[in-house]
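**Student:** Each chain, letter by letter, is given below.
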Amino acid sequence: DAGITQSPRHKVTETGTPVTLRCHQTENHRYMYWYRQDPGHGLRLIHYSYGVKDTDKGEVSDGYSVSRSKTEDFLLTLESATSSQTSVYFCAIRGRHEQFFGPGTRLTVL
Amino acid sequence: AQKVTQAQTEISVVEKEDVTLDCVYETRDTTYYLFWYKQPPSGELVFLIRRNSFDEQNEISGRYSWNFQKSTSSFNFTITASQVVDSAVYFCALSAVPVANFGNEKLTFGTGTRLTIIP
Numbered sequence: 001d002a003g004i005t006q007s008p009r010h011k012v013t014e015t016g017t018p019v020t021l022r023c024h025q026t027e028n029h030r031y032m033y034w035y036r037q038d039p040g041h042g043l044r045l046i047h048y049s050y051g052v053k054d055t056d057k058g059e060v061s062d063g064y065s066v067s068r069s070k071t072e073d074f075l076l077t078l079e080s081a082t083s084s085q086t087s088v089y090f091c092a093i094r095g096r097h098e099q100f101f102g103p104g105t106r107l108t109v110l
Numbered sequence: 001a002q003k004v005t006q007a008q009t010e011i012s013v014v015e016k017e018d019v020t021l022d023c024v025y026e027t028r029d030t031t032y033y034l035f036w037y038k039q040p041p042s043g044e045l046v047f048l049i050r051r052n053s054f055d056e057q058n059e060i061s062g063r064y065s066w067n068f069q070k071s072t073s074s075f076n077f078t079i080t081a082s083q084v085v086d087s088a089v090y091f092c093a094l095s096a097v098p099v100a101n102f103g104n105e106k107l108t109f110g111t112g113t114r115l116t117i118i119p
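Top to bottom, those sequences are chains A and B. Just so it is clear: in the first sequence, position 54 is 54 by my numbering, and no numbers are missing. Just so it is clear: in the second sequence, position 28 is 28 by my numbering, and no numbers are missing.
The hints are simulated quantities; they were obtained by calculation from the structure and are not laboratory data. Among the clues, some could well be false.
[Stated by the list, open to error] Simulated DEER-style distance windows between Cβ atoms: (1) D29/B with D56/A: 40 to 48 Å; (2) T31/B with T15/A: 38 to 46 Å; (3) S84/A with E26/B: 22 to 30 Å; (4) S67/A with P119/B: 43 to 51 Å; (5) T15/A with T72/B: 41 to 49 Å; (6) T72/B with T17/A: 45 to 53 Å; (7) T31/B with L110/A: 38 to 46 Å; (8) K16/B with P18/A: 48 to 56 Å; (9) V88/A with T31/B: 39 to 47 Å.
The model shown is predicted, which means the values in this text are computed figures rather than measured ones. Ideal placement from N, C-alpha and C gives every residue a C-beta, glycine not left out.
Turn these sequences into a full structure, and let the hints guide you.
**Tutor:** Put into structure tokens, the structure is as follows:
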């Protein structure tokens, strides 16, 4: 157990509303990632962080922003949610040799 | 650009049969990592293996084995004597070995293979 949690686990929201997903880790890992999982696409990297206040874009970053003000928390924000952002979102941390994933957040944008 | 192809979208086998999941990758990097993850019906992602590009030895872990062949850019996964608990979606993934920010491995995933084991 890598000590990684995500909140909320499920969320339904309406188009145009802002949404923030939280990833929390308890083991002081430096690297954290946000991925989205969609049928036919596998998992795709949205943003990642390599330290407090150090973040960068991944493959599918449009429409998303992130923040990391302390080591244990990595926030993913959808500034104005769209139906195309309906997905399952996974947070990951880089452990000793591999990435460990959180339990996921299922987001539905109506 | 990196790419991982899992051409088998779905596979069904009868319990106790052997099954091989294919993974083909593309990368310009000379050093890279390859991974397999399992996603059971409960939805979590479970790490199975990481392999360095300079280590082409096959690996066996219980009923699981992995065949890494650089010449064909493949990293195939075989389950021997399959069991119902093996039913899951399996993902192959690739990351470059970062020069800066060592440890910052951004994974490129394949689209996954859904494996169903029929009792």
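**Student:** Checked against the structure, which of the hints given earlier come out wrong?
**Tutor:** 1, 9
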